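S.K.: Sequence lines, in order, name chains A and B.
Counted from 1, the first sequence has number 27 at position 27 by our numbering; the numbering is strictly sequential.
For our numbering, count along the second sequence from 1 and bump the result up by 328.
Wrong hints could be hidden among the right ones.
Said to hold, decoys possible - The following residues of chain A were derived to be distant from chain B, with all beta-carbon distances above 10 Å:
{"id": "1", "residue": "D86"}
{"id": "2", "residue": "R88"}
{"id": "3", "residue": "S93"}
{"id": "4", "residue": "F96"}
{"id": "5", "residue": "D98"}
{"id": "6", "residue": "N104"}
{"id": "7", "residue": "L107"}
{"id": "8", "residue": "E115"}
{"id": "9", "residue": "H120"}
{"id": "10", "residue": "V187"}
{"id": "11", "residue": "L198"}
{"id": "12", "residue": "Q202"}
{"id": "13", "residue": "S287"}
{"id": "14", "residue": "K315"}
{"id": "15", "residue": "G319"}
Claimed, not checked - Here are the simulated lysine to aspartate or glutamate pairs, EDC-like style, with alpha carbons at most 16 Å apart:
{"id": "16", "chain 1": "A", "residue 1": "K138", "chain 2": "A", "residue 2": "E72"}
{"id": "17", "chain 1": "A", "residue 1": "K60", "chain 2": "A", "residue 2": "D98"}
{"id": "18", "chain 1": "B", "residue 1": "K555", "chain 2": "B", "residue 2": "E528"}
{"id": "19", "chain 1": "A", "residue 1": "K138", "chain 2": "A", "residue 2": "D98"}
{"id": "20", "chain 1": "A", "residue 1": "K33", "chain 2": "A", "residue 2": "E204"}
{"id": "21", "chain 1": "A", "residue 1": "K60", "chain 2": "B", "residue 2": "E528"}
{"id": "22", "chain 1": "A", "residue 1": "K33", "chain 2": "A", "residue 2": "D205"}
{"id": "23", "chain 1": "A", "residue 1": "K60", "chain 2": "B", "residue 2": "E531"}
{"id": "24", "chain 1": "A", "residue 1": "K60", "chain 2": "B", "residue 2": "E485"}
{"id": "25", "chain 1": "B", "residue 1": "K536", "chain 2": "A", "residue 2": "D98"}
{"id": "26", "chain 1": "B", "residue 1": "K555", "chain 2": "B", "residue 2": "E533"}
{"id": "27", "chain 1": "A", "residue 1": "K138", "chain 2": "A", "residue 2": "D195"}
Stated by the list, open to error - On the chain B side, residues computed to face chain A include the following (Cβ under 8 Å):
{"id": "28", "residue": "T532"}
{"id": "29", "residue": "K536"}
{"id": "30", "residue": "A540"}
{"id": "31", "residue": "K555"}
Hints were generated in silico from the structure; no laboratory data involved.
Every value quoted in this text rests on a predicted model; they were computed, and no experiment measured them.
Beta carbons: idealized from backbone N, C-alpha and C, even for Gly.
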Amino acid sequence: MQPLLDVSSLTVKFALRDTALTAVNDVSFTLSKGERLGLVGESGAGKSVTGFSILNLVSKPGFIAGGSVLFEGRDLTRADAETLRDIRGNRISMIFQDPMMTLNPVLTVGTQMIETIRAHKKVTRKEAEAIALDKLRKVYIPSPERRLTQYPHEFSGGMRQRIVIAIALLTSPSLIIADEPTTALDVTIQAEIMDLLLELCQSEDMGLILITHDLGVVSQVTQKIAVMYAMGDTASVVGAPLHPYTRGLLGALPQCADKADCGLETVAAPRARRRLNQIPGSMPSLSDVPRGCPFNNRCELCETVCTTTRPLLEKKSDGRLAACHMVA
Amino acid sequence: MFAFIVRRVAQALLVMFIITREMVGVSVSVKEREALREKLGLNDPYLVQWARFTKNALQGDLGTSYFYRKPALDVILSKAPATLELVFVAQCIIVLISVPVGVYSACRPRSVLSRLFMGISIVGVSVPVFLTAIFMIYIFSVHLGWLPSFGRGNPVEIFPGWTSVLTTWSNFKHIILPSIALSSIMLPLFIRLIRAEMKEALETEYVKFARAKGLPEWRVVMVHAFKNTLLPVITVGGVQLGIMIAFTILTETVFQWQGMGFMFVEAVERADTALLVAYLIFVGAIFVAVNTVVDLIYGFVNPMVRIAGRK
C-alpha cells in the first residue's frame, strides 16, 4: 500500500551571503494513514525545519535543496502555490509551538476559524460557524458560542493551544504536524494537551507527526520514532536504542540514568544522587559539521571509518533503520 | 466602550486646560505696554486673568485681533477651511500612496522597484518643504505652465463660512502643488513606517500560521499582517496629522495660500498677539481633538485597548 507521506532524502539549506548551510541533511521517513510518528532530536537538530518543509513552508533564507515529499502521491517540494495552498490547512494541518504567538491578536477566534474553513470549502458563514462550534466542543472549550466572538488575549495558554488544535481539525485533515505543541505550556497542561491530541488522532484516524525533544511524550503518543540520526519504532527504540546518539539521549533522562537500555516503565521514583549520563559536547554549528558521520566528535564508539565516510540510513539486523557504521 | 470614550474625552479636556493656562499673558508691544496692560487686565492676578480668559473662551470669545479689529476666532474660522482642505488633500495623497507602496516593498524587499521607492523616500524625507515647493513651482508652473504657482483661485462657498477649491477643476489645480509639497515630508516617513512594521508583521508566527492554514496570500498579507501594522501607523499618524497642520505655515507661505498658517505668519509680523494666542489655542484644540479621535480609532482596531477601558 502506498504510504500517506513519503519523505525521502529531504535536504534543506539556508542561503547565506556566499554559502549555504545545510540544516536538514538527507532525511527519509514514511508514514501510513492514521500512523503517529515522533520526530526527536536536540535543539537545532532540524526537527522544526523538517516539519515546515513538509508543507514547503520553510522561511527565507531557507530552501529545499533536494529530496522529495510525497503526500498522497503528489510531490509537495515541486507543487505550485495553488496546490500547496489547497493542501495546507486542508489535508495537512500544523500546530505550532507557542500558542501565545500563533493566533492573530487582532482577529476574533471565530474569524480565524471561519476563514480557514472558507478558504477550503464552499460553505456559508453560518455553516462554517457550525463546523467551528463542533470542533471547539471536540477540544472541550466551554460555552463555545461566546468564545467564538472573543480575542486570543482573553484565553489562557492551554485554552489557546486547544483552539489551535480545533483550527487544525476544522477541515478533517489526514495528517497533523505538531511542532513541540506543549513546550510553551505549563507542565500540568502539557499532559492534558497530549492526551487530547492522542484521543483526537485515534478517533478521527488522523496521521500525526509529533516534533519534540521529550522522549517520554513520544513513547506514550507515537507508534514510530525518528531520531535525527537513527530510526525505528517507538517501543524498540526506547527499549533498546540502536544508534549511539539515541542511547545518549535516553541515558540523559533522569529515570534512565543508571542503565542506558531501560524502558520507560521505570518512570519516576527518584534514585540515589548520581550524575546523569550526558552526551559530551554540543551540536556542531551548521557551518562546521564534521566530515564523515556528523556525530563522530561526540560518539563513544567513534572509529576511523566514522571520520571519513558518512554512514547511510540502512536496515540493521532487527529491521530497524539507523545511520551508523558501528552498530549491526 | 462608553466609559472608555468618556475617559478619553475627560483627558482631552484636561490637556486643553493646560494649553489655555500656558497661553495667558504673552507680552504685548513695548511702547504701549503699561496702558495696554491696564486696559487688557494684564496687571490683574494671574488666576483672575486665567478665569476671565477661560470664561470668555468657553463662550467662544478668544479675544479680538488688533489688526483685523474683529473677534480672533472669526478671523481664524474664515481661514481654517483653506488649511483643512490642504491638509485633507495631503493626507489623502499620503494614505493612497504610502499603503500600497509600503506593503509592496515589505513583501518584495529585494525587488528593484522597492529599492527605488526606498531611495526616493530618503531623498523626500531629507529635502525641506520650502525647497520641494520652490522646485515644483519652477518645474510645473514656470517651466511647463501646467499648474498655478500661488493662491487659491476663486473658492466656491459650499456652505456658509466654508469656501472650497475642491469643487471645480480650475480651482482644484491650485491645491495640487501645495498639497504635494505638504505631503512630501510625511509621505516618505509613512512609507518607511508601514514597510518596517509590515516586514515585522510578516515575520510573526501568526502570519506563518495563517499560511499553514492555507489562506489565500492576499488575506495573509492584507488581513493578518496589515491589520497588525495599523496599530503603530495610527498612533504615529495621529501625531503627524497634528504636526502637518502646523507645517502648513511653510507651505502656505511659499504658495501664498490664504489659510491659517499664512495668517499666523502675518500675525507675527504685525505683532497681533491676540490673534496668535487664539491661533495657538485653536491649533491646540485641533491637536487634542485629533489625538482623541485617534485613540478612539485605536480602540476599535486593537481589542486589548477596549478591555482596558472596560475595567
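S.K.: Look at each hint and say if it fits the structure.
M.R.: Cross-check of the supplied hints:
1. D86: 7 Å, violated
2. R88: 4 Å, violated
3. S93: 7 Å, violated
4. F96: 6 Å, violated
5. D98: Non-interface label on D98 (chain A) violated, nearest chain B Cβ at 7 Å vs cutoff 10 Å.
6. N104: At about 4 Å from chain B, N104 (chain A) fails to clear the 10 Å cut-off, so the statement is violated.
7. L107: At about 7 Å from chain B, L107 (chain A) fails to clear the 10 Å cut-off, so the statement is violated.
8. E115: Check fails; 6 Å does not lie beyond 10 Å.
9. H120: 6 Å, violated
10. V187: Fine: 22 Å to the nearest Cβ keeps V187 (chain A) off the interface.
11. L198: 21 Å, holds
12. Q202: Since the minimum Cβ distance to chain B is about 23 Å, Q202 (chain A) lies beyond 10 Å and the statement holds.
13. S287: 23 Å, holds
14. K315: 34 Å, holds
15. G319: Label holds. Min Cβ-Cβ 34 Å, cutoff 10 Å.
16. A:K138 <-> A:E72: Given pair K138 (chain A), E72 (chain A) is violated - Cα atoms ~27 Å apart, limit 16 Å.
17. A:K60 <-> A:D98: 20 Å, violated
18. B:K555 <-> B:E528: Holds. K555 (chain B) to E528 (chain B) sits at ~12 Å (cutoff 16 Å).
19. A:K138 <-> A:D98: This hinted pair is violated, its Cα atoms lying about 21 Å apart.
20. A:K33 <-> A:E204: Holds, at about 11 Å.
21. A:K60 <-> B:E528: 14 Å, holds
22. A:K33 <-> A:D205: Roughly 8 Å separates the two Cα atoms, so the pair holds.
23. A:K60 <-> B:E531: 10 Å, holds
24. A:K60 <-> B:E485: Given pair K60 (chain A), E485 (chain B) is violated - Cα atoms ~57 Å apart, limit 16 Å.
25. B:K536 <-> A:D98: 12 Å, holds
26. B:K555 <-> B:E533: Holds - the C-alpha atoms of E533 (chain B) and K555 (chain B) are around 15 Å apart, at most 16 Å.
27. A:K138 <-> A:D195: 13 Å, holds
28. T532: 7 Å, holds
29. K536: 7 Å, holds
30. A540: 4 Å, holds
31. K555: Holds. Min distance 5 Å.
Going down the numbered hints, you'll see the structure goes against 1, 2, 3, 4, 5, 6, 7, 8, 9, 16, 17, 19 and 24, while the others check out.
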